[in-house]
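Trainee: Those protein sequence lines, which keep their order, are chains D and W.
Residue numbering for the first sequence is 1 to 240, as defined by the UniProt record's numbering.
Residue numbering for the second sequence is 1 to 293, as defined by the UniProt record's numbering.
Hints listed in this document are in silico derivations from the structure and should not be mistaken for laboratory results.
Check before you lean on any hint, since a few could be wrong.
Cβ-to-Cβ under 10 Å is the rule here; a few derived chain D residues that face chain W [as the list claims (entries may be wrong)]: (1) Phe37; (2) Thr66; (3) Asp69; (4) Leu78; (5) Glu94; (6) Gly181; (7) Lys203; (8) Leu228.
Quick reminder that beta carbons are idealized off the backbone N, C-alpha and C, glycines included.
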Amino acid sequence: MKKTLLAAAALAFTAGLAHAGDTVRMGTEGKYPPYNFINDKGQVDGFERELGDKLCAMESLTCTWTTNDWDSIIPNLLSGNYDTIMAGMSITDERKKTIDFTQAYYPPAFSAYLGKDAGANIKGVVAAQVGTIQADYVAKSGATLLEFPTMDDTIAAVKNGEADAVFADKDALKPFSKAEGGDFVWAGQEVQLGEGIGVGLRKSDTALKDKLNDGIGKMKADGSLNVLLKKWFGDETPTF
Amino acid sequence: MFLSCADPSALSGLNWLICYLTTDKQLMFYGSFLVVLLLLVVVAPVALAFGFGGALAARSGFWPLRMLGKTYTAMVRGIPDVIFFLFVPIALDQGLEYMRHKVLCPDWTAPIRQGNDFLVCPAAKLPPTDASPFYQESYGFVLAVIAFAIVFGAFAANVISGAMNAVPRAQLETAEAYGMTPGQVRRRVLIPQMWTYALPGLSNLWMILIKATPLLYMLGIEDIVYWARELGATKSKIYAYPHPDWRLWYFLGLLVFYLLLTRVSEVVLKRLSARLARGQATMAGEALRKVGA
Chain D
1 MKKTLLAAAA
11 LAFTAGLAHA
21 GDTVRMGTEG
31 KYPPYNFIND
41 KGQVDGFERE
51 LGDKLCAMES
61 LTCTWTTNDW
71 DSIIPNLLSG
81 NYDTIMAGMS
91 ITDERKKTID
101 FTQAYYPPAF
111 SAYLGKDAGA
121 NIKGVVAAQV
131 GTIQADYVAK
141 SGATLLEFPT
151 MDDTIAAVKN
161 GEADAVFADK
171 DALKPFSKAE
181 GGDFVWAGQE
191 VQLGEGIGVG
201 LRKSDTALKD
211 KLNDGIGKMK
221 ADGSLNVLLK
231 KWFGDETPTF
Chain W
1 MFLSCADPSA
11 LSGLNWLICY
21 LTTDKQLMFY
31 GSFLVVLLLL
41 VVVAPVALAF
51 GFGGALAARS
61 GFWPLRMLGK
71 TYTAMVRGIP
81 DVIFFLFVPI
91 ALDQGLEYMR
101 HKVLCPDWTA
111 PIRQGNDFLV
121 CPAAKLPPTD
131 ASPFYQESYG
141 FVLAVIAFAI
151 VFGAFAANVI
161 SGAMNAVPRA
171 QLETAEAYGM
181 TPGQVRRRVL
191 IPQMWTYALP
201 GLSNLWMILI
211 KATPLLYMLG
221 IEDIVYWARE
231 LGATKSKIYA
241 YPHPDWRLWY
251 FLGLLVFYLL
261 LTRVSEVVLK
271 RLSARLARGQ
281 ATMAGEALRK
291 VGA
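Extracted from the complex, chain D is given alone in its bound form (with noise of 0.2 Å):
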């Protein structure tokens, strides 16, 4: 009786709603630009954002998109908040035994340390965003890793001198780079790390999961895949 009066409660509260289409809900962290950003108009915008509003198109379907903080980026996907993951998140085997990945969009991508000068300790303190495969390897390495929540303040903290380098996605931090007007150099010899980077899904989110590889395979095999990766990653990035 008192779980009818509460249901009933629930339904009220959430009463003269429409009923839920297929509509997919894209989840991304808008903070790591050429991926994905918010521009300045304010909305999701980037690599993911145009690839995912393309394979969306491919495969009929309906996207929305939305953001959520990079932290609990994987526990929201689980509790249903949002059905994909497209957020720069490379495929490792520690976060396949929670979630599914369709097969990559992004080739394994070079990571790099950049640091003041060219001869910056890359055993030294190395600080590296937090949960990424970047910290993983900063943390074999051998070198003290320092961990920060977003890119942001990674690169402050070399900034400040708080620590010797930062290492993370080469992409992310070129814009850092004297090269392309920031105040940082290149350091240490460039990796690649990963299985590549694929879109997010819960394991029980097979039918979802089967229409994006579809597209992505597509994709791959007309080359528009890689046309997308040029015109967000320059010439010189890595292709299929």
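Got chain D sorted already, so can you dock chain W onto it with the hints?
Mentor: This is chain W only, laid out in the frame that chain D set:
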């Protein structure tokens, strides 16, 4: 205002700044100040109601009600706020979805919890997947209001309960001697007189509430802290308005905003406390009487 912002790269100096400060993204930042003010305006009365209910329940002669009131205040006061702010919205969201699922999809056979996944039928999703962004955000806002009200209501309950105990027993005794029922004593004497004792505690809570609003960011609501971080972060050439790390300036703006808000509150609360002290058998009331006489 008549200058064109169509091509930001051609602009410089003041024109650039004017265009920059009026982009859609900046307007969303300004709008988020209203969200914070709205939260304060909505949470304060709701939390006060929770506090009132909690205090009355804790003083009730009916044993289960008294236990409920006491458990509520003890539990919320004993658990870190942050945990409540994280727990309440998730628990409410999943609880509502679960109940809607049971009612709307009786034929659904797949289990709701599959490993890590929490899966209800599409019709039971809250907010519905095709809802407008405004609806999605309002839903999150309502959950945040409930979380804030539960936490601050417990503190308010304790303050109000203490204030009720501070009303001189002689006042209540006199009312009883006039033949008033317990309900009448409470309504006519206890509650009107307790405000002067409750106000210092409640004004403290109000200040803490103002300063706790940045927790909205943690609940996934795009409040002023979110936008200040987002807008202040280094903007590379991929953005229409590139600029270096300006977070310091944005946070300075927030600092001024919060200082203004707490200053205005202080002035208003001071007046309110003087108003409530009038005719009271307290030191403040006595001082007012002497000035008037």
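Trainee: State for each hint whether it applies.
Mentor: These are the hints, each one checked on the structure:
no.: 1; hint: Phe37; result: holds, 7 Å
no.: 2; hint: Thr66; result: holds, 7 Å
no.: 3; hint: Asp69; result: holds, 7 Å
no.: 4; hint: Leu78; result: holds, 5 Å
no.: 5; hint: Glu94; result: violated, 14 Å
no.: 6; hint: Gly181; result: holds, 7 Å
no.: 7; hint: Lys203; result: holds, 6 Å
no.: 8; hint: Leu228; result: violated, 15 Å
Checked against the numbered hints above, the structure breaks hints 5, 8 and satisfies the rest.
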